[in-house]
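Residues 1 to 786, numbered by UniProt numbering, are exactly what the sequence shown covers, in order.
Please keep in mind that the hints were generated in silico from the structure rather than gathered at the bench.
You may find that some hints are simply not true.
Stated by the list, open to error - Just the calculated beta-carbon pair ranges, DEER-fashion:
| no. | residue 1 | residue 2 | range |
| --- | --- | --- | --- |
| 1 | T314 | V175 | 26 to 32 Å |
| 2 | D622 | R456 | 29 to 35 Å |
| 3 | L597 | S657 | 17 to 23 Å |
| 4 | R14 | L597 | 22 to 28 Å |
| 5 | A554 | D489 | 55 to 61 Å |
| 6 | K255 | D527 | 26 to 32 Å |
| 7 | A63 | Q605 | 49 to 55 Å |
We put the CB at the ideal spot given by N, CA and C, even for glycine.
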Amino acid sequence: MRKDRQHIVVTGARANNLKGVDLRIPLGLLTVVTGVSGSGKSSIVFGTIAVESQRQLNEVFPAFIRNRLPRYERPEFDLIENLAPAIVVDQKPVGGGSRSTVGTMTEVNPVLRVLFSRYGEPSAGPSNFYSFNDPQGMCPHCDGLGATLQLDVAKLLDLDKSLNDGAIRHANFAVGTNYWKRYAQISRYEKGRAREQSRELVFDPDKPLSQYTKKEMDLLLYGEGFQTIRPDHFDNVAINDYEGIVPRVTRRFVKPGLEALKDKERKSTEQVVTERTCPECRGARLSQAALESRIDGRNIADYCAMEIGDLVATLEEAEHRWPGPVVPAALASLRRIASVGLGYLTLNRPTRTLSGGEGQRLKAVRHLGSALTGMTYIFDEPSVGLHAHDVDRLNRLLLDLRDKGNTVLIVEHNRDVIAIADHVVDVGPGAGAEGGEIVFTGTVEELADSKTLTGRHFRTQPPRKKKPRTSTGKLPVRGADLHNLSGFDIDFPTGVLTVVTGVAGSGKSTLVSRVFTAQHPQAIVLDQSAVGMNPRSTPATYTGIWDTVRKLFAKEYGLDASMFSFNSKGACPECKGRGTITTDLAFMDPVTTVCELCGGTRFRQEVLEHRLKGRNIAEVLDLTVTEARGFFDDPAIVRRLDPLAEVGLGYLTLGRSLSMLSGGERQRVKLADRLHEQGSVYVFDEPTTGLHMADVGNLLALLDRLVDSGNTVIAIEHDLDVAKHADWIVDIGPGAGEHGGQVVFAGTPTDMVDGSRTTTARYLRASLPGAKTAGAKQPVPEDRGD
């Protein structure tokens with residue numbers, strides 16, 4: 001590294017657990033920031049460098065524009081020098097709603113629309129006439145969605161129940177909700193009529209729906225044209241126009257589309273609707289004029305339904321017939337997508353169905369075509385969800401971004417990504433209060449020789465398991481044919497740890513998370529969905545111990561338990577139980593300060609005067625999980641805290657906001673929540689997500705305890721350390737998309753290493769101790785053979 005190279009200089013960074021960190025990151029190079037989960041990596045990279053870069057960039061705009069941009073509060077630090085504009089490629093789902101597809105996200109669709117507007121026969125008109133997001137091009141029957149949702153009344157209503165028993169099967173109509181009251185507690189209202197005369201309920205809330213007359217059922221489902229009044233709210237009258245259940249559910253939950261709903265609403269709505277392919281466009285989303293326009297017998301929907309690798313070949317064959325920049329532009333974008341291992345995707349694939357790894361690579365690919373240089377690209381664990389084979393392709397993408405004259409900054413745990421770094425920063429030495437320091441900076445070779453936790457694990461490759469457990473039985477899966485699966489049968493062994501491997505897009509998650517769980521619904525599934533939480537959620541509230549703790553305080557002093565809640569009567573009146581006050585300064589950045597009245601404790605002063613075993617309620621929230629297990633005598637509290645300690649989160653304080661946790665910490669919180677459910681089959685979807693190499697060892701010890709207790713564990717996983725530790729491996733492939741969906745190997749790690757030639761087997765052999773390619777910067781070579 002040149003001594004005169006410029007650096008991003010960070011002085012005195014104090015975000016979250018950082019302890020006044022000083023750091024120098026070389027510009028124009030690829031730097032990996034690593035460390036155990038919760039050590040402070042994200043606080044440095046995202047909470048300090050990325051936020052300050054984006055905040056200062058926003059300051060160059062006039063105040064009128066700044067007021068419409070995202071607002072960033074100044075992070076806690078003393079000085080930052082030599083910042084470049086930052087582009088953050090995070091792990092957030094791509095999303096985009098029902099109209100967002102791979103083609104719209106990567107902007108290939110607009111190029112194809114131009115191609116068909118010029119060369120399609122017969123032409124449908126200008127390019128927007130080929131767009132399903134334009135009224136001129138979309139199918140009028142489904143509004144360009146390709147499918148129609150229809151409310152299924154049979155699924156919506158339980159006719160054996162009454163309204164008071166919860167006959168309406170939708171979470172928003174549960175007993176006690178406002179929607180439920182609009183049917184179970186209403187009387188007819190006529191203007192000018194005495195309210196006392198309006199007490200007769202429209203529907204008998206205790207009568208099962210099966211006993212309703214046809215007139216009553218029609219009124220419940222489709223009625224309209226009169227007003228209602230709530231009979232139990234005469235002092236605070238609620239008068240509404242009556243709307244039957246069917247039009248209400250259709251208007252509120254079906255018409256907007258599932259993607260427009262909140263998670264809870266969407267899940268409830270999915271249970272009561274039937275989605276059908278649009279009969280007019282047959283799922284193509286486009287008008288008949290657009291679909292009748294063809295090039296070589298194919299319309300634009302046919303092009304979008306082709307795998308990207310096949311579409312590249314098709315356009316290459318005909319490129320010479322279409323002079324101009326249109327086809328080269330399309331091919332350039334498509335080749336970039338294929339270059340990062342996503343050639344199996346189709347342009348009509350909805351973005352909401354992409355995995356985290358697929359979405360992150362697509363976001364990164366968009367920047368490869370940019371002419372910008374001198375930028376700082378910041379990646380959040382880009383290897384998540386990627387097979388070792390795909391990580392090689394990812395590494396080439398990252399190096400390409402660097403070689404274009406940019407600084408690449410990556411938060412990462414993967415050995416193969418760390419191996420390509422020009423510079424490594426290791427944060428630690430531990431997690432939470434035990435972290436927040438820089439324990440190493442230097443080259444990869446220097447890291448491998450260091451005594452840090454990361455250094456020790458980076459240079460040590462675990463061996464394969466030589467004595468796998470013997471199965472006690474089998475869990476059969478028959479006719480696995482969902483998505484790209486080829487309709488095979490397979491038996492999963494019981495009483496052992498089975499790891500399902502394969503390249504991204506091969507069909508692993510479809511087999512295990514969809515087909516297996518459908519045929520074995522008793523399985524306890526821990527998937528990649530987000531931890532349900534809000535800024536007020538803490539380990540104490542998430543584990544369910546908080547109600548018990550408040551009751552202990554209340555019983556001790558003869559008070560209402562709500563007095564010991566910062567979400568209720570005990571909340572500080574100044575900050576409303578938040579502990580901080582954020583001041584919106586209109587056209588300036590917001591400023592957050594610790595509440596002066598409660599000092600950040602979130603409670604009223606009179607509440608803090610009450611103590612339990614010498615500690616007030618705020619001091620109890622400051623206890624770590626480990627400390628709390630020794631503080632409380634109640635076995636129910638200790639039993640709920642034990643799983644957090646088991647998954648290595650003993651350092652978390654009971655009052656820490658879950659929204660401030662790292663990805664790896666959130667994954668383990670969810671694991672702890674489900675760990676001791678009654679069941680004998682556990683399914684994990686990439687449980688190593690966000691975990692440091694040392695944390696992976698702790699996870700494997702946890703999985704071993706589950707299996708040794710008589711459970712069956714099935715894990716979808718790319719981490720080769722986990723595969724080597726398995727008792728049984730099921731490898732899906734051989735490729736992705738239509739080139740995958742088959743069982744290409746099933747056996748022990750030893751069987752895979754000694755006899756298999758699958759992609760996973762090659763990388764597993766390369767990761768064994770003493771293998772020449774282990775930890776190398778070059779990709780693993782293909783095996784030569786039949």
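Hints versus structure:
no. : hint                    : result
1   : T314 x V175: 26 to 32 Å : violated, 57 Å
2   : D622 x R456: 29 to 35 Å : holds, 32 Å
3   : L597 x S657: 17 to 23 Å : holds, 20 Å
4   : R14 x L597: 22 to 28 Å  : holds, 23 Å
5   : A554 x D489: 55 to 61 Å : holds, 58 Å
6   : K255 x D527: 26 to 32 Å : holds, 29 Å
7   : A63 x Q605: 49 to 55 Å  : violated, 40 Å
Of the numbered hints stated above, those contradicted by the structure are hints 1 and 7, listed in ascending order.
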